Amino acid sequence: MSNEAFLLILSFLGGAYMAWNIGANDVANSMASAVGARAITLRQAVIIAGLLTFFGATFVGSHVTQTIRKGIIDSAAITDPQLALLGLLSALLAAAFWVFLATIRALPVSTTHSIVGAMIGFGLVVGGPSVVNWAKLFGIVMGWVISPILSGITAYFLFRAIDRVVLARLDTLEGAVVTTPALIALIVFIMTLSMLLKTPLAERLGVKGIAMVLVPLGLATGVYLLSWVVLRSYLPRTNISGGEEIFRYLQVMTSCYVAMGNGANDVANAMGPLSGIYFIFTSGSAAQNVPVPTFLLAFGGLMITIGICTWGYRVIETVGSKITKLTNTRGFTVDFATASVILAASMAGLPVSTTHAAVGAYVGVGMARGLQAIDLGLLWRIMLYWVITVPVAAATCAGIYLVLRWVTTGS
Amino acid sequence: MRFPIMTLFQASPFERVREHAHNVGQCGPLFLNAVKSYLEGDRNQFEIMKEEIREAEAACDRLKQNVRAHLPSSIVMPVEKSTFFSFLKEADKVIDCIKNSLYWMSYVELSFPEDIANDYLLLVREVSDFVGFLPEMVSLAHTYFGTRYESDRQAIKNIIKEIRFRERESDELEKTIIVRLCADEEIPPKSFYLMLRLVETIGEIADHLENAADMMRAMIAR
Chain A
89 MSNEAFLLIL SFLGGAYMAW NIGANDVANS MASAVGARAI TLRQAVIIAG LLTFFGATFV
149 GSHVTQTIRK GIIDSAAITD PQLALLGLLS ALLAAAFWVF LATIRALPVS TTHSIVGAMI
209 GFGLVVGGPS VVNWAKLFGI VMGWVISPIL SGITAYFLFR AIDRVVLARL DTLEGAVVTT
269 PALIALIVFI MTLSMLLKTP LAERLGVKGI AMVLVPLGLA TGVYLLSWVV LRSYLPRTNI
329 SGGEEIFRYL QVMTSCYVAM GNGANDVANA MGPLSGIYFI FTSGSAAQNV PVPTFLLAFG
389 GLMITIGICT WGYRVIETVG SKITKLTNTR GFTVDFATAS VILAASMAGL PVSTTHAAVG
449 AYVGVGMARG LQAIDLGLLW RIMLYWVITV PVAAATCAGI YLVLRWVTTG S
Chain B
13 MRFPIMTLFQ ASPFERVREH AHNVGQCGPL FLNAVKSYLE GDRNQFEIMK EEIREAEAAC
73 DRLKQNVRAH LPSSIVMPVE KSTFFSFLKE ADKVIDCIKN SLYWMSYVEL SFPEDIANDY
133 LLLVREVSDF VGFLPEMVSL AHTYFGTRYE SDRQAIKNII KEIRFRERES DELEKTIIVR
193 LCADEEIPPK SFYLMLRLVE TIGEIADHLE NAADMMRAMI AR
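Chains as they are written, first to last, in this note's numbering: chain A, 89 to 499; chain B, 13 to 234.
Some clues are possibly wrong.
[Said to hold, decoys possible] Between beta-carbon pairs, the in silico distance windows are: (1) B:Asp-141 - A:Arg-252: 33 to 39 Å; (2) A:Leu-258 - B:Ser-123: 50 to 56 Å; (3) B:Gly-144 - A:Arg-126: 46 to 52 Å.
[Stated by the list, open to error] Residues from chain B that keep clear of chain A, each with C-beta distances beyond 12 Å, as calculated: (4) Glu-121; (5) Gly-144; (6) Ile-171; (7) Glu-181; (8) Cys-194.
[To be verified] Simulated coverage check for chain B against chain A, where a stretch passes if three residues somewhere in it have a Cβ under 8 Å from a Cβ of chain A: (9) 86 to 97; (10) 161 to 169.
The hints are simulated quantities; they were obtained by calculation from the structure and are not laboratory data.
These numbers come from a predicted model, not from an experiment.
Beta carbons: idealized from backbone N, C-alpha and C, even for Gly.
Next comes chain A alone, as it looks inside the complex:
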């Protein structure tokens, strides 16, 4: 077997391994709270998460994939395609190893951080500090800081609103009936808008210009009216404290929404480097602008889905049973805030971490007096893990790169 064929197979294996890791780990972020609150069963969670993550990865994920691949490393400065290929492969392997190690050690690291850190390690070894796009990196780092803050603020105000409108009534069911159609409409509006803006889906459906906003708006209005009629006409009003029950269904919706956001964002972590490698193989050169093949996104989505089915269910089961204290209103708030921030970041082209956004949302609910106690000390420790991820992944990537270079070129 030639060196190139060996490296290509290794790259696909590395990409698949990374995507599998994402599925095995990140799925818990979206589905665990819904399973924990017994909104859906474990089997349903795995099927829903698998399908939606695949959908998110394939249809929403392309923009972010490009950002990771060409945004952080200036591929124009790395003229030798062979070295660029080795570097991308090293980044993929380093990030996958680190995430896998973190999985075993139960460390809360981000796959996004890992791949970005590994990319930086590769850039530094191959071309020195000038190859790394520090301005872009700064933007991404700001995204890491901003995403927990934004999701925290969103969760804070959302929970305060739910607290005031639903929980503060003696008849919580009536409060839920009043608010639910608006919340469903909001979810539908954001989901459709994010799918139409900057994704291949709008192009395929032929939706352009003002229709980009009108279509989601129309859909949201339709869903609002439908849910209003259904809730008013068919909901039994026997249990006046049944507000939480309605939020159970909303929570399933937001969990789906998080699963899709997860797929859209995290597929970049595995498929970004792989699409770079693939381009080098097909064109023989390292270029700055390459289209990300849809089949690679689908491949990434498929591997994430396999990750969910093979290991992810165990994570959902364990995490879900650990957070049963989270009621449906709180679970909904956390999921909604997380998903909104992730999708917004995805549309802005920033590879933010789901973990970051989720932690921010938990703190937001806690600040809104929604949780009995939240430990900020532990939060700082989690943030420390996030910070060390970048240098550790960078150093590992540099090490793997040097070994691969020695194996393939002998120097």
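For this one, chain A is given, so just place chain B on it according to the hints.
Coordinates of chain B only, in the frame set by chain A:
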């Protein structure tokens, strides 16, 4: 596996307070039985009850310290920490006063005039019954901080109202006993002093419980 995110949820501080309140509440009937035994002259039974209450008080102290020790400085709670600690302090003083009143009784064999003994037993019955509101109130607060339902908040507010009403009643009873004690010329000075302290200490049980209820009212305020 991102478990550390999930452990951001600390065990609710109200969980341990619930245990504390349960211990305090259990002392109500014990206290009544101890006083009954004392008035009936069954000193052995009184000492057994006193010992049980002393142990319960020691357990409550440990629980109180445990709650304080297990709250990291960085913890974010749905209530103000100072109010929470004040509540705990007042709830703990309830059992302290129960124990102290039994100690006052154990120093000397007090022989109460019959009418005062009856009023005294009535006061003890009132207070021991009243102590049972504490675990109920804490349990409801624990639920409320989990759900934030207005119905749960209303239930706590109703208990607080009841505690305030009962405190006023026991205050009246306390004053009546003191007036009777002062009017009785035959009680020896030492006994008079001890009885007076005893009645005041029992009155303090109700005062501390009312203070705890006030703290709870502040914690559940919107």
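Query - Structure-inconsistent hints, enumerated in ascending order - result: Structure breaks hint 3 only.
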